[in-house]
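On the provided structure of chain H, position chain Z as indicated by the hints.
Protein sequences, first through last, are from chains H and Z.
Heads up: the first sequence is residues 1 to 698, going by this note's numbering.
Heads up: the second sequence is residues 699 to 1396, going by this note's numbering.
Treat the hints with care, since some could be wrong.
[As the list claims (entries may be wrong)] Reference listing, derived: stretches of chain Z covered by chain H, where coverage requires no fewer than 3 residues with Cβ under 8 Å from a Cβ of chain H:
1) 799-807
2) 839-852
3) 976-985
4) 1110-1119
5) 1306-1319
6) 1339-1347
[Said to hold, decoys possible] Calculated lysine-lysine pairs in the DSS-like style (CA-CA distance at most 25 Å, straight line):
7) 407/H to 236/H
8) 546/H to 1244/Z
9) 1094/Z to 25/H
10) 633/H to 1331/Z
11) 613/H to 1024/Z
Please keep in mind that the hints were generated in silico from the structure rather than gathered at the bench.
Being a predicted model, the structure only gives us computed values, none of them experimental.
The C-beta atom is built at its ideal place from N, Cα and C for all residues, glycine as well.
Here are the chains, one letter per residue:
Protein chains: 2
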Amino acid sequence: MDSSLAPFFTPAGIALIGVSHDPSKLGYGMARNLIQSGYTGSVHLVNPHGGELLGHPVIKSIADVPNPVDLAVILASAGQMPGILKDCAARGVKAAIIAAGGFRETGAEGAALEQECLRIARESGMRLLGPNCIGIIDTHLPMDTTFLQPPPAPVGEIAFISHSGAICAGVVDYLRGQGIGLSGLYSLGNQVDVNETTILEPVASAPYTSVVTLYMEGVSSGRDFVETARRVSRWKPVLALKVGRFDAGRKAAASHTGALAGQEAAFDAGFQRAGVIRAGTTEEMFRWARALAWSPLPAGRNVAVLTNAGGPGVTASDALELNGLKMAVLSSTTREELSKILPAAASLRNPVDMLAQAMPEDYARCLSFLLEDPGVDSVMVITPPPPSSSAGGIAKAIIPIIQAHQKPAAVVLMGDLLVQEGVQFLRAARIPEFTFPEDAASALGVLSQRAELIPALEDEPLIPDRINPQAAAALLQGKPAGFLSQDVALDLFGSYGFNVARNDLAVDAEQAVSLAETCGYPVALKVASAEIPHKSDVGGVLLGAKNGDEVRKGYLQVVENARRAKPDANIEGVTIQRMLPAGQDVIVGTIRDPQFGPLVMFGSGGVEVEGLKDVAFALAPLTRREAVGLLEKTWAGRKLNGYRNLVAADREAVLDALVRIGQLAVDHPSILEMDVNPLRALPQGQGAYAIDIRVRIE
Amino acid sequence: MDSSLAPFFTPAGIALIGVSHDPSKLGYGMARNLIQSGYTGSVHLVNPHGGELLGHPVIKSIADVPNPVDLAVILASAGQMPGILKDCAARGVKAAIIAAGGFRETGAEGAALEQECLRIARESGMRLLGPNCIGIIDTHLPMDTTFLQPPPAPVGEIAFISHSGAICAGVVDYLRGQGIGLSGLYSLGNQVDVNETTILEPVASAPYTSVVTLYMEGVSSGRDFVETARRVSRWKPVLALKVGRFDAGRKAAASHTGALAGQEAAFDAGFQRAGVIRAGTTEEMFRWARALAWSPLPAGRNVAVLTNAGGPGVTASDALELNGLKMAVLSSTTREELSKILPAAASLRNPVDMLAQAMPEDYARCLSFLLEDPGVDSVMVITPPPPSSSAGGIAKAIIPIIQAHQKPAAVVLMGDLLVQEGVQFLRAARIPEFTFPEDAASALGVLSQRAELIPALEDEPLIPDRINPQAAAALLQGKPAGFLSQDVALDLFGSYGFNVARNDLAVDAEQAVSLAETCGYPVALKVASAEIPHKSDVGGVLLGAKNGDEVRKGYLQVVENARRAKPDANIEGVTIQRMLPAGQDVIVGTIRDPQFGPLVMFGSGGVEVEGLKDVAFALAPLTRREAVGLLEKTWAGRKLNGYRNLVAADREAVLDALVRIGQLAVDHPSILEMDVNPLRALPQGQGAYAIDIRVRIE
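In isolation and in its complexed conformation, chain H is listed as follows (with noise of 0.2 Å):
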């Protein structure tokens, strides 16, 4: 950890800045709640006033405040703060909590404000927290800075990133509902200086954090935040809720790559380079960290359920199938033992349904056996009210079979009032349970994928051979923004090793006969100009042309109609190219995205790529999983391997080709986007070729 954020952490002492004698006010929620937290270091209240609060005095200026002190939380009005951060850097404060507001967030002048905040402390080294923040709780150190009306925020092993204050205040006293624990809780607010990425480390190092989850409206730099959350990833899980999908004005973008990308395809593709895995909804992250801090990992996917009717059993069958969960099937063995315990109507299949009179020693001898199943890789436990026992005799009986098994157990306790006995025994334990089969299977589901996550956080970017950066370098070298030509695109390609469909430029109908001629009939025609990224839209493209004639013919053709279209358009010729064999035709592509550099592109292709939508993205440069992913989330991918009488196609050559179009936008910044559409896959065995080639530079 950077030692300059340590103060935050674990401070000597700390002066609370703007304590208030009314209780209605923050300044006096923040006295209480760091004297009631325990904090266990020095604690100094000042406030120009002076006086006595909550048997502390009150100390009149920063400059008396006594040793030790390493932390100021300060609430005071956002034009005193420059003053109080200079009188703080005198007395020696080492990091300062800002949880006033009245900054960025109001206009230029609070922006301003702001900015002068930063220029003091950078002068003094002093770490900047806020503002516009709630501030640090630490439930185990013990720490509470905030000014959140009590009761305290409930202990735990989850720690909590907000970019929202009020999002804070809310989930806490949520939380604490669900008795579903914090070990720690860091508002960031405008973060002028300490954002979600510098505190991400320090946060998840604690040792009584299992689980870190985010808040995010954004990220400050998205390849840090990704490289920092995916060494975090390795030894934590890390659960992110970002917000703001649809607030970001998209720009109009040149490319299919940029078309479809957006602002979510690189979070997405970013939060799988990292291993942080995205939640849909508040709710389900806590859930989902709850679960991954209180449950080892499975081995599989194979889940058992065992209840005692039907109804809640299929409900458990779909919610686990649609999480991407396998009923596991139960060996003979297991089979046999059950059918010892359970009346003849039972169901010895699995969902295993013990029926209504099952007693909680029946469900604990019934659990053991599908826990010892070497074909079961988690469990779940589901019971309604029970009609003849209670929620908290089952939840007793099965609590020591769950403790003394190394696989994952959810507990579906449906109901309230009723089964409020056993969720207290099972919270106690440390066993996650859930009022409904749904949210189990939901929380299953994310155990095995941080589970097959974690060996992909070792994996390493792929790095092609025969690639020539220099020459492409070269080629991009005082190029005008926008499209390169046609013939500058297909050298580039080629100097990293891309098969291109061989490709001429003729400059009158004649030339165009005599390059036919030499590569080979039947040929396509496509009108050249750079300011015509499309070129079937304008009729600039004819197919197959299998004589002199047809060429000459189509030359004047094609340029005639792109005249037409487009009559201010520099058309440099029409290019000439040999058609290739018939193959799978998919589009690769990247795009540079602001925050998280170049992200590669698979897909359907063709003009209706838009609108298909059959695409995936990844971060570039490219992991083998990360290519064969892009062709696993498709269609286009998928098919690759063959379909009914689509021959199957050199997959191997796409991956080759999606790798090589990754490090080709990593090493060339000045690539904007890129689109090869179609890239042809041959047969297997024949490679792939780069067929139209779109590329746009800054």
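Below, chain Z without anything else, positioned relative to chain H:
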């Protein structure tokens, strides 16, 4: 209502058969619940041992039960049931709830007993609910025939009909905790007589029921359910949680339509026709039900968000977009009025962020302006535990404002303990509250869905002109089960007014040339064999033959290819078809679902239809709105309007084809499945042609 069902809903007297003095037995719970429920009719407890229970005499024999008695609730072993039912019938009981299990769910012997019970009931005109069910609760009558543990079910306006009894116990307890009230609960068990369709209309007709919810594991008769539910949906919302998505082993399907349909497509299409709103999870169903019970319906999808912090506003915007809602654009009047109330740093754009200092009266005043704005159809009001006021205070301030307007309001009180007072105030005022914006957005979305589906319930299916059912019947008459030959299929489609691509059978190469000369080049050659459904898979198709020579060679080639691939297939020859001008190729098809009858499919065709899965289904016969819906749900349908260089196609002709194929399937039940792949939609005004048709009959 069928008057024979009346004793289940308004019994004059109830005999509880099988009561017990042992408080741990279900027979005790049943007596306790009915007596404590406040039921005002006669209660008769029956047990051979006699005595007294809970202040009521226990009658030893059914024959001795005095008047009035029209409903019996029976807990006894399955073997005793026939005798008990006979006694009940003899005593004049009109309806019986068989709560006991031990019937069909336990195997063949139990199934036989169940049928015996049904026979006895039928003979005497007695109606049966169950066996193996929980019974009925009516919280308004009131009446409780169940043995569920106290406390009793919470009173409210939502009726719950369930195929699972076990789910009921959990749901009642859960709803109590959520402050969601039930008007009634109806547990159906094995449905030997009364099923979800029989009971739906009587349940919905109770004046104190505002919304009907269903937990369904299947359907007794799909078409009957759709008809009944569509009638009910016209005046009351019906919500369903359908489980068992993955249980039914799918039969191997011979057509693309069949392969893509599956059981869930039929349920989705049935629910759509019926106006039943399908929920994804148990919790979602009841949250939606409460919103529908308590809220007026919105006039449109524009939502205003009122909050006191930025973060929750961003979360709300995201969630609203995800649920298909729009952020309302506030009028200049509204913005001006808000600016008079709010501090300068507040955000007057939607979401309206009043900032953290907002007091209850600020919420009330701002909310009033938002609800008055004609561009606002509904509102979401959000507060985290407020630092300087209370959630209770805010709730109290906004309740009269919401009640004074006829627009839906979803109130988000983020937290638990700290917002409880506000939660209670809102529930008492019947205004739906939520813990996070995501759930509130989902509820507002369902209100819009309900508002929009009401007009669709008045739609009538379109009846196509120029159809000749007699001719079609004659063509189908006597044909063997399996695929029709292509010429019969073409005639069949011709008889229903389809444009079919002219398509003649040549039995040798010379006849092929002669047919091609007649219809005009270029032509397509396709091997003709009822045993080769996927012709292109075996090389049995040649496209674009341009002269006699190509046709002659092509004939020999496709026959040879087919012979090699399927040596045993009976090959009739080769069909010759003029190749149509370019257009947009789509697939239309039908499949006969065992429960819901014929479904129409529409989507992207070609050989990749099963991979792309760009298809949608609806029940035949189609209404205009349903046909349009099939187009709007698919990329294949949306691009008929034109896309880039793709010329707009004859959309009306495609809609017409969908209606015709649906009618064809409805009129002729022997048709199991049909695919038109492709149907070629020519440019606007030029029609759509069925090019390749496959019809499978019983």
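We went through each hint and held it up to the structure:
1. 799-807: Per the Cβ count (5), the hint holds.
2. 839-852: holds (count 4)
3. 976-985: With 4 residues in contact (Cβ-Cβ under 8 Å with chain H), the coverage given for the region 976-985 of chain Z holds.
4. 1110-1119: holds (count 6)
5. 1306-1319: Holds: 5 residues of the region 1306-1319 of chain Z have a Cβ under 8 Å from chain H.
6. 1339-1347: Satisfied; 4 residues make the cut.
7. 407/H to 236/H: holds (18 Å)
8. 546/H to 1244/Z: With Cα atoms ~15 Å apart, residue 546/H and residue 1244/Z stay inside 25 Å; holds.
9. 1094/Z to 25/H: holds (22 Å)
10. 633/H to 1331/Z: The hint holds at about 21 Å.
11. 613/H to 1024/Z: Holds, at roughly 23 Å.
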